[in-house]
Amino acid sequence: MRQKKDVQQGTLALMVLKTLDVLGPLHGYGIARRIEQISGDLLAVNQGTLYPLMLRLEQEGAIASEWGSSESNRRARFYSLTRVGRKLLVAEKRDWEQTAAIIARFLEVKTEDLG
Amino acid sequence: MRSLHRFFARLLNFTTRRSNDERLREEMESHLASQTEDYLRSGMAPEEAYRQARLKFGAMEAVRGNYHAEEELPFLESLLLDVRYALRVLRKSPTFTIVALATLMLGIGANVVVFGVLNEVLLHPLEVRDPQSLYQVRHKQWMIGRLLTSSYPTFEDLQRRNTTFSGMAGMYGYSGAKLLWRNSVRKVSGYEVTGNYFDVLGVEPETGRFFHEADEHGPNSAPYVVLSNALWRSTFHADPGVVGTIVELDKHPFTVLGVASAQFHGTEKFRWPDYWIPMMNEQQLENYDYLHNRTSINVTVLGRLKPGVTPQQATENLNAITAELAKEYPETDDGQPLRLIHPGLIGDEGDVIRGFLYSVSLLALLVLAAACANLATLFAARAADRNRELALRVALGSSRRRLVRQLLTEALVVSLLGGAAGLASAYLLLGMLNRSSVFVGSITVSLDLRVYLVGLALTLGSALLFGLVPARQAWQSSPMQAMKGGQAESKKLHRFTLRDLLLGVQIAICTLLVTASLVAIRGMIQALHTPLGIHPEGAMLAYMDLSSTEQADSTVPESASIHDATLEKEKAVLEAARGIPGVTAVGMINQTPMTGGLHGVPIFQPGTTEFKLKNSVLAPYVFSMSPGYLATAGTRLLRGRDVSWHDTTDTPHVAIVNETFARKMWDRAPAIGQRFLLKGQLTEVVGVAEDGKYHDLTESPQPVAYLPQSQSDGGEMIFVVRSERTPKEMTAALQQRLSSIAPNAPIKVLSWSDQLAGELLPARAATVALGVMGLLAAMLAVTGIFGMAAYNVSRRKKEFGIRMALGARKTQVMNAAVGRPMVLLGVGSVLGLLAGISASRLLGQIVYQANPRNPAVIGGVVLTMVLLGVVASAVPARRALAVDPSELMREE
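Residue numbers (the working numbering), protein chains in the order written: chain S, 1 to 115; chain U, 1001 to 1892.
None of these hints come from the bench; they were simulated from the model. Backbone N, C-alpha and C fix where the C-beta goes; we use that ideal spot for every residue, glycine too. Don't take every hint at face value.
What the hints assert, rightly or not - Label-pair ranges, simulated between beta-carbon atoms:
#1 Ser-1078(U) - Ser-39(S): 48 to 58 angstroms
#2 Pro-1125(U) - Asp-95(S): 41 to 51 angstroms
#3 Glu-66(S) - Arg-1051(U): 30 to 40 angstroms
#4 Pro-25(S) - Ser-1078(U): 51 to 61 angstroms
#5 Ala-64(S) - Pro-1125(U): 49 to 59 angstroms
#6 Gly-1431(U) - Glu-66(S): 50 to 60 angstroms
#7 Arg-1088(U) - Ser-69(S): 41 to 51 angstroms
#8 Gly-1431(U) - Ala-64(S): 35 to 45 angstroms
#9 Glu-66(S) - Thr-1095(U): 55 to 65 angstroms
#10 Pro-25(S) - Arg-1051(U): 54 to 64 angstroms
#11 Glu-66(S) - His-1124(U): 54 to 64 angstroms
#12 Asp-95(S) - Leu-1501(U): 48 to 58 angstroms
Working from the sequences, and respecting the hints, build out all of it.
So this is what it looks like as structure tokens:
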């Protein structure tokens, strides 16, 4: 199942958006930590992959970013969800739920159901 | 929407070359620091904490790479890379680049020039409203020139009776006058047009107004003139105040009504009028009344079709009217069937011009095709040389698609540079041609958007043509083979390759073009040696306006005595010219041959009473001349006598006819003493002169009658003076002597040869055009053969060395080195020659009497191709023979 990884990469964007939606503006490290906390070891390695992804989201207008200072007074870039991003999140969420529901139903299927 | 947003953000990054490298670096550092801090807090050793943080972050280079890829447009960026790489590669081999660029520049430049002319002459619509529905009425029979097809009364009948035209206007395009404005006199030429002319054409003036039908109230009632924009600018200094002032045309006052716009030049592309006057006032300029005469064929009829009417319906309508008219006026209207054409290109000459331009365009495209074949060979050879490099890149993981793109980019860069150079040189060349008077009449060729687009299309098209060959080669190349350094191609040596095909095609095209240019050159030589019936060399022409002096001292305004007075003055001029030392003969004629505007004058058998065109037996050109003109012009008088001053209006009318006239009228019977009716006068033939060319060089033998000036109705004469002195001396002497006779009369003197130079222009233009293309093609063939042979030799140097070391004879090595190009040369030449011979119809469009089957032409082509082959292969052959086996063996 090599595709697993790709699917996870695709969901990463959704996770970033959801995290920002729930927690408000956050810097890259913060986002990485929250996702790690929630998803277990899914993002244990390669946290760096977040950054190209976030640049892409920013270019799409879904998130905005600006310099600020972190809890430990370190200069960091803070990302926040925009209006476009909120809409995107709603749409992605619905898509994801639909997909998940379909997949779940398929996995429930037993022989007698198809007979 | 989102992707568009993203695209613009990236495009902005790309164009501003802004990079977020710094930002990423800072973010990464911050991220690592925070992570390390967290690990430290959980009790890790500092070094271990930092290491773990980095591990968790992942490969920093990969992140940076991905980040960068997100940041910009990878496609554009790699294109830029490709272009930069291509430029570097091209700079590294300057000879190759220069040859390629020059080839393309010539090929594309030639095409742009030809297309520019074609665009101007054929594709630009006339500057009138809805040019598609504007037609010109012509006789059904196809003929050169003769734009005048109707008499004015016939025109009025057509206009009144037709049911298919929304408007019909008449024009006479050969009007000429002396324009007097602020004491300076200028000869101008223009149109006499019907009152509705501007309304039918649907044009607007620049300033002032045009005249309309309502301005006319019968003959000589509308002394108005509309100026052309060019005349307004040159003579009236573009002064808007000129509108409403009065100018004199041939001493008659005309009110300037308005000025035409700079784009409107009437309906003939090659003949721009200086002015337009109402046809109602024609008599003031023409000195005779053609408005009431059904036999004066003086009107060109223009008409605008009603919407929804087809030209076919309109033609039938017109022909029905013509048939009616022939019944109503049997003496004058012959009921010749009519047809409709679009005006613009001197009537039917449009067909000739179209044929010429399309044929030359075709040849120009062939030159470009040969150039592309040449470049394809060059590029393919280079790609083969770069095989190792390309293979290495494939082996290192570059995709083949990427390689092909790289090669195509190179081709594109070369073709864009070459195309730009071609356009620039075409622009300069056309500018030069516009300034010189190579183009007939007033046409100027400008490069508009369409020409640039065609240039671009040709450029891209050729890039594709010659870029795909090496790309295909790269696509098929196997890195394994190439890396082994093996002569993958040695296996293919005996196979017929794409490159051979390209060279063969190129040589065939080249031979075709060489054939065409030799045919043109031969046509030109023939044209130069056509018996003209005159000997212009050593003769001078003097134009002198005696009318201004005549008016001053003629007290009796009766026309006959004016004529006599003028004749006396002309005699005085002739005597004065004869008195100049070195002058051997003098004469005068109303119009020298090949200066255009000749019309056949119908003649009738003696005793004819109905002077209908149908009854005329011949329509010769008619000249009027002084005694001695024929001898001065170098036209031999074969039988009989010359005209003399004793042939006056009181003696029987006489004429000298040419051989064609005599043969057509009386076949073998002696012509002297025969009679015919010309302009209502019973005229007796007193002499027979040799044939010549009268209207143009390409005409078939035409009948001609020369009348004594002393029996004709006058008009301006041209003095012809033959002498033994140089034209320069004679010009000065004539100017001086003639101005002493008529101090105020403007005099223009030039040598007859110079005056005729224009007549040879089409032949000359064709020769130059085809000659240049032939030369280009020959150059391409030489470089093509040379390139292939040289490449062949350089690749097989080692093999030749071994062969020579093993005792191969020189001829064998030669054969191996240049044998194949020679075979291709032979096959290609034969094919090209055959194509040239079968394309004689095409060439006939370009050159008069083109005959590629002529042995001189065929011999010339064969000789040229052999010479080209020798020149092109001499160096590679020598190089092959000069291979020093011992040195070569030591090399590796």
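The hints, checked one at a time:
no.	hint	verdict
1	Ser-1078(U) - Ser-39(S): 48 to 58 angstroms	violated, 35 angstroms
2	Pro-1125(U) - Asp-95(S): 41 to 51 angstroms	violated, 57 angstroms
3	Glu-66(S) - Arg-1051(U): 30 to 40 angstroms	holds, 31 angstroms
4	Pro-25(S) - Ser-1078(U): 51 to 61 angstroms	violated, 36 angstroms
5	Ala-64(S) - Pro-1125(U): 49 to 59 angstroms	holds, 56 angstroms
6	Gly-1431(U) - Glu-66(S): 50 to 60 angstroms	holds, 58 angstroms
7	Arg-1088(U) - Ser-69(S): 41 to 51 angstroms	holds, 47 angstroms
8	Gly-1431(U) - Ala-64(S): 35 to 45 angstroms	violated, 56 angstroms
9	Glu-66(S) - Thr-1095(U): 55 to 65 angstroms	holds, 57 angstroms
10	Pro-25(S) - Arg-1051(U): 54 to 64 angstroms	violated, 30 angstroms
11	Glu-66(S) - His-1124(U): 54 to 64 angstroms	holds, 60 angstroms
12	Asp-95(S) - Leu-1501(U): 48 to 58 angstroms	holds, 56 angstroms
Checked against the numbered hints above, the structure violates hints 1, 2, 4, 8 and 10; every other hint is satisfied.
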